[in-house]
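**Student:** Listed in order, the protein sequences are those of chains A and E.
Counted the way this note's numbering counts, the first sequence spans residues 1 to 253.
Counted the way this note's numbering counts, the second sequence spans residues 1 to 253.
The hints are simulated quantities; they were obtained by calculation from the structure and are not laboratory data.
Errors might be hidden in some of the hints.
Claimed, not checked - Cβ-Cβ distance ranges computed for the label pairs, FRET-style:
{"no.": "1", "chain 1": "A", "residue 1": "Leu179", "chain 2": "E", "residue 2": "Thr44", "range": "27 to 35 Å"}
{"no.": "2", "chain 1": "A", "residue 1": "Ala83", "chain 2": "E", "residue 2": "Ala96", "range": "47 to 55 Å"}
{"no.": "3", "chain 1": "E", "residue 1": "Gly137", "chain 2": "A", "residue 2": "Arg162", "range": "49 to 57 Å"}
This one's a predicted model, so the numbers in the text were calculated from it and none came from an experiment.
Note that the Cβ used here is the ideal one computed from N, Cα and C, for glycine as well.
2 protein chains.
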Amino acid sequence: VPTYRIDLAYDGTGFHGYARQHGLRTVQGSLETALFYSTGEVRTSVAGRTDRGVHAAGQVVSFEVEERLDTARLQRSLNRQLAPEIAVNRISEAAAGFHARFSAVARRYRYRVWNAPVHDPLLARSVWHVPDLLDAGAMDAAVRLLIGAHDFATFCRKAPGRTTEREVTGARWERNGDLLELSVVAKAFCHHMVRSIVATAVEIGRDGRDPDSMREALEARDRAASEGTAPPQGLTLMEVTYPDDTQGSLRPM
Amino acid sequence: VPTYRIDLAYDGTGFHGYARQHGLRTVQGSLETALFYSTGEVRTSVAGRTDRGVHAAGQVVSFEVEERLDTARLQRSLNRQLAPEIAVNRISEAAAGFHARFSAVARRYRYRVWNAPVHDPLLARSVWHVPDLLDAGAMDAAVRLLIGAHDFATFCRKAPGRTTEREVTGARWERNGDLLELSVVAKAFCHHMVRSIVATAVEIGRDGRDPDSMREALEARDRAASEGTAPPQGLTLMEVTYPDDTQGSLRPM
């Protein structure tokens, strides 16, 4: 059956997250409603189910249909129907069996902290404002300790019976003036993982705590060892990689 | 009398421009209302009266009061009172006679164009989306022809009796991926000047027209020779320079 891939971006501010929920405005609900007009009812799968308020620059969705579609026309139709907070950047026919979620080999997230005494109104929708001066070097050293395959239970929202083993292949904090940016790559993340890592890294950066306390938190395998969950608006799903990507594959970190 | 300088930033999306207008939500109205609580009624002056929907990263406001103020306390008080779309980044005592508008020796504006087939939801509030591929080299060559002292009547909103002579000291377009950015510096700008220059430059970049047609438009000294006014959300007042600035002075272009 013909299988299609949609690359999309969205500003998550006005949505109750990606996943469809009855009676709430969601990205999936908006997208499937717009798709319905051109394709009839379809079941979509998504690479990263972002939470309420989280953004995406390179989200990937896939679906199967009975008959071949005119992708250029479908893209125009979707962009006309969707709110300006969502943009369909590309629609392409994928290999049979392609699945946005299960075929993905890597996901990259970005988290941005605005680290200045006063907030920045021009960035407010996409940063977490932390007024206390943070030690970006300590935060960077701390997250690098997470690289590798570990049990990330400390940083995962509780989901009894599900594994919390994940493999982080890249993690770094960079400071650019008052803006601190985390870039983190893994095959997959558990729920709340990036935001829990951020909250813990920020506490390390604030207190001048030893970066090694990140390792202690990790090894505790206990939700209580994290510093909670950083707010959603700082988080953006940047990029998803598939094995057959000839372009757009993740830069090594 | 003690004279104070406020450095502020704002997201202009939700305001009817900077200047106070009866019954409308404006930046000046919000600021003076917040000031009133701490200082009583004051008359403020501003470096750049931005239009509805235009943003500022480095706006400057000044005012005089009878008695010396606690600037740190006033800054906290203003930031607590103001909507999150406005940030007071600094309040400092200025030399006697300092005037945000008349003392300024240079203003720098930025205009951003998102030049890709599909809009970008994460930048939508601060760019003009132009889907047709633009020739940034031609646009850059065109605006460089404006550098110098000229009669900018072509690019000024009509204001009978007022001079339209201005001196542009720097102007350049740069492409960074799909983002085109104009940076332009002058001692002062007439009303609509940057947005009219942008509209004309974009037409040059779209049509593969000779950059020299910018000079022809300028020399016509006729509003009809411009291509209208680019939309406000792409425009940001970045920086204002004063003669005694020891830091934060405009970079040479």
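**Student:** List, from low to high, the hint numbers that the structure doesn't satisfy.
**Tutor:** none
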